[in-house]
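Asks: Listed here are the chains, written in short residue letters.
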Amino acid sequence: MKDNQVLRVVAKIMIPVILLFAFYVQFHGDYGPGGGFQAGVIFAAGPILYGLIFGVERLQSVFTIVSLKILIAAGLLLFAGVGFATVFLGGDYLDYDQLNRDPILGQHLGILLVELGVGITVAAVMITIFIAFAGRQNHR
Amino acid sequence: MIAEIINVVLLGLLVITAVAAIRLHDLFAVVMVFGIYSFLAATVFVVLDAVDVAFTEAAVGAGISTILMLATISLVGRWERRPAHRPFLPILVVVVTGGALVYGTLDMPNFGEQSTPVHEHIAPYYLEQSKSDIGIPNVVTSVLASYRGYDTLGELTVIFTAGIGVLGILGIRRRREEKNSEG
Amino acid sequence: MSALGLYNYWIVIFLMMTGFYVVISSGNLVKKIIGLSLFQASVFILYISLGKISNGGPPILREGVELYSNPLPHVLILTAIVVGVSTTALGLSLVVRIKESYGAVEEEEIHRQDESL
Numbered sequence: 001m002k003d004n005q006v007l008r009v010v011a012k013i014m015i016p017v018i019l020l021f022a023f024y025v026q027f028h029g030d031y032g033p034g035g036g037f038q039a040g041v042i043f044a045a046g047p048i049l050y051g052l053i054f055g056v057e058r059l060q061s062v063f064t065i066v067s068l069k070i071l072i073a074a075g076l077l078l079f080a081g082v083g084f085a086t087v088f089l090g091g092d093y094l095d096y097d098q099l100n101r102d103p104i105l106g107q108h109l110g111i112l113l114v115e116l117g118v119g120i121t122v123a124a125v126m127i128t129i130f131i132a133f134a135g136r137q138n139h140r
Numbered sequence: 001m002i003a004e005i006i007n008v009v010l011l012g013l014l015v016i017t018a019v020a021a022i023r024l025h026d027l028f029a030v031v032m033v034f035g036i037y038s039f040l041a042a043t044v045f046v047v048l049d050a051v052d053v054a055f056t057e058a059a060v061g062a063g064i065s066t067i068l069m070l071a072t073i074s075l076v077g078r079w080e081r082r083p084a085h086r087p088f089l090p091i092l093v094v095v096v097t098g099g100a101l102v103y104g105t106l107d108m109p110n111f112g113e114q115s116t117p118v119h120e121h122i123a124p125y126y127l128e129q130s131k132s133d134i135g136i137p138n139v140v141t142s143v144l145a146s147y148r149g150y151d152t153l154g155e156l157t158v159i160f161t162a163g164i165g166v167l168g169i170l171g172i173r174r175r176r177e178e179k180n181s182e183g
Numbered sequence: 001m002s003a004l005g006l007y008n009y010w011i012v013i014f015l016m017m018t019g020f021y022v023v024i025s026s027g028n029l030v031k032k033i034i035g036l037s038l039f040q041a042s043v044f045i046l047y048i049s050l051g052k053i054s055n056g057g058p059p060i061l062r063e064g065v066e067l068y069s070n071p072l073p074h075v076l077i078l079t080a081i082v083v084g085v086s087t088t089a090l091g092l093s094l095v096v097r098i099k100e101s102y103g104a105v106e107e108e109e110i111h112r113q114d115e116s117l
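Residue numbers (the numbering used here), protein chains in the order written: chain F, 1 to 140; chain P, 1 to 183; chain U, 1 to 117.
Here chain F stands alone, though its shape is the one from the complex (with noise of 0.2 Å):
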């Protein structure tokens, strides 16, 4: 698909978007609808759109195995790990109103973080399945 001159150049001003919206969906979640799953979905979206049409060697040239491997922990480890802390800091595990002397603040903080982590995990496994697929296609 690379040769498709109307889908890469529409692909570049879609894929920002994309990763925008993203974004907005992750920390919008509080107020609206959207969250760290949708977030991670949609966030995968766009680098999955640019692999279909630019080819997954120059993915992983963005996403390299080794990279998307440390995300998909990372984002488990920081959801853990907030339960940790609130355990470190007195409280039962995930009890997010340690995490600040106001508990509704600590609240947010908390949410703010297990949302962050759900969405790089999210994000990262989908990539990885993608790259895990299409990247199939090229050595058979």
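Simulated from the structure, these hints should not be mistaken for lab results. Heads up, a few of these hints could be off.
Partial list, computed: chain F residues near chain U (C-beta under 7 Å) [claimed, not checked]: (1) F37; (2) V122; (3) I129.
Don't be surprised by glycine CBs; every beta carbon is placed ideally from N, CA and C.
Fit chains P and U to the known structure of chain F by using the hints.
Replies: Below, chains P and U without anything else, positioned relative to chain F:
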């Protein structure tokens, strides 16, 4: 009332796409029909007030899973072999199971009723306390991330494991080394 | 509305059985996985139908709205959808590996090759 009519029509369209998925033998067409099915399901979720779920289903069902299935059929071939014999046994199994499930629904409360056990147990607590406990308007997010944080941590672990599993089964070769080792 | 009171559940059961039929009648492994996904999506619709309250609003708190639909099924299904696509991907990757080692994705063909060993 209009919402109910839209609901009925959309569910009817879902039935049509599901039957089309059975009858087609070209897997490319089946995947396209599945994409339509997911997108219709997402619109049903909007009608049923589940905006967050609709969002996810539209992005995942109609987007990512369609691409994954297309990638798979480009690797394994596009045509399904037609079955040699008539599928009487599967139809019998499906009709009996479906009949049992329909019999089970006869005791269920009507669609949209307010005073059913589902709505009386814990959801009112979430809806009333969310504002003072958590302080954010989207109750789905507050339940997801805070009240049921363990649950979400578990689900994220499943996604993590599935990602690691795909890596283990298919593997990704590094770009540079590939040319040398493959020869 | 009482005539249509159980309509949603019956449609869901029909969709569920379509998915089930595809899984047990089709010999093609990719189509079986698509059947499982149909089944899965119908279960999502069942849960969301149970959470709906007539004349209720989406569960995002705002002024002037008293009645909200049940948020709990939404949370469960929201995560289930993303988990579902990950597990579907795992199944599809197994299908790709089966194709690579057997050269076929039809159930009968794979059985024949297994028996001739």
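Asks: Decide, hint by hint, whether the structure agrees.
Replies: Now for the hints, and whether the structure bears them out:
1. At a threshold of 7 Å, the smallest CB-CB gap from F37 of chain F to chain U is about 5 Å, leaving the interface hint in force.
2. Interface restraint check: V122 of chain F against chain U, minimum CB-CB distance 6 Å, threshold 7 Å, status holds.
3. Interface hint status for I129 of chain F: upheld, as the beta-carbon distance to the closest one in chain U is roughly 5 Å, under 7 Å.
When held up to the earlier numbered hints, the structure conflicts with none and fits them all.
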